[in-house]
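Start from the sequences, fold in the hints, and give me the full structure.
Counting in full-length UniProt numbering, the sequence shown runs from 1 upward without gaps.
These aren't lab readings, by the way, just hints derived from the structure by calculation. There may be inaccurate statements among the hints.
With a Cα cut of at most 30 Å, we get these calculated BS3-like pairs of lysine-lysine [stated by the list, open to error]:
# : residue 1 : residue 2
1 : K115      : K158
2 : K146      : K185
3 : K186      : K146
4 : K115      : K62
5 : K186      : K100
6 : K100      : K168
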Amino acid sequence: MAAEGSEVLKPSPKPIKPGQVKVFRALYTFELRTPEELYFEEADIIYITDMSDTSWWKGTCKGQTGLIPSNYVAEQAESIDNPLHEACLDNPVGVDGRDKAGSTALHWACHGGRKDTVEAPFTRPNTELNQQNKLGDAALHAAAWKGCADIVQLLLAKDARTDLNNEKKLALDMATNAAGASLLKKKRGADAVQTLSNTEDYLFFFFFFF
Numbered sequence: 001m002a003a004e005g006s007e008v009l010k011p012s013p014k015p016i017k018p019g020q021v022k023v024f025r026a027l028y029t030f031e032l033r034t035p036e037e038l039y040f041e042e043a044d045i046i047y048i049t050d051m052s053d054t055s056w057w058k059g060t061c062k063g064q065t066g067l068i069p070s071n072y073v074a075e076q077a078e079s080i081d082n083p084l085h086e087a088c089l090d091n092p093v094g095v096d097g098r099d100k101a102g103s104t105a106l107h108w109a110c111h112g113g114r115k116d117t118v119e120a121p122f123t124r125p126n127t128e129l130n131q132q133n134k135l136g137d138a139a140l141h142a143a144a145w146k147g148c149a150d151i152v153q154l155l156l157a158k159d160a161r162t163d164l165n166n167e168k169k170l171a172l173d174m175a176t177n178a179a180g181a182s183l184l185k186k187k188r189g190a191d192a193v194q195t196l197s198n199t200e201d202y203l204f205f206f207f208f209f210f
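The structure is reproduced here in C-alpha cells:
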C-alpha cells in the first residue's frame, strides 16, 4: 500500500511500434497553451502515434495533430468499430499502418463488408493492396470470406494477387458465396494463362537466340 500522501504512479505505457496507431478517448477538455499542443474536448476520439514521452503524447484529433497530456485520455479502442480504418481515413496517419494483428485499414474495410469504405483507402496514394496480416490474410482473403462479391471484384480490378496463402488457403478456398468464387476462379485462370504465355515467350527467346 502506498504511504499516505504519496503519489501513485501509473505504469509506463508500452511504446508504439512504427506504423501502429492507438485509439484513446478524452476524459476532459484540454485547452492548448502552446502552438505544439492539441486542443480537444471531453469524449473526443484521439489517435496516438507517439508515446515515447510518458507525460506528453503525439496525437491527432479532427484532422489536427499535436501534443496531449497523457493523463487526459483513456484507451478506448474497443468502443470503436474498425478503429484503424477510421484513424487512417479521418486523420493524416499512414493508410498502411498496422494494428496488433498486422491488419491495415484495407483489411478492416473488407471485414466490414462495405464497398464505399473499401474504396476510401485508395483515395490515398501508395495504398498497399497485398499486405498480409499475422494470420496470412490479405484484403482479398477477408472480402472472399465475408462473401462480398462486389468487393472481391473491386480488389481484382486493382490487381489484387490471387496466389497469396493463408495457412495454405488461397482467397478462392475461403470464398463463402458462388459469385465471389466465380470471380476468383476466372482471375486465377487468366493469371495462369498469362504465366504460361510468359513462359512460352521466354523459352522461344532462349532457344531462338541461344
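Hints versus structure:
1. K115 to K158: 14 Å, holds
2. K146 to K185: Holds, because 17 Å separates the two Cα atoms, which is no more than 30 Å.
3. K186 to K146: Roughly 19 Å between the alpha carbons, so the hint for K186 and K146 holds.
4. K115 to K62: 24 Å, holds
5. K186 to K100: 34 Å, violated
6. K100 to K168: 22 Å, holds
Checked against the numbered hints given earlier, this structure breaks only hint 5.
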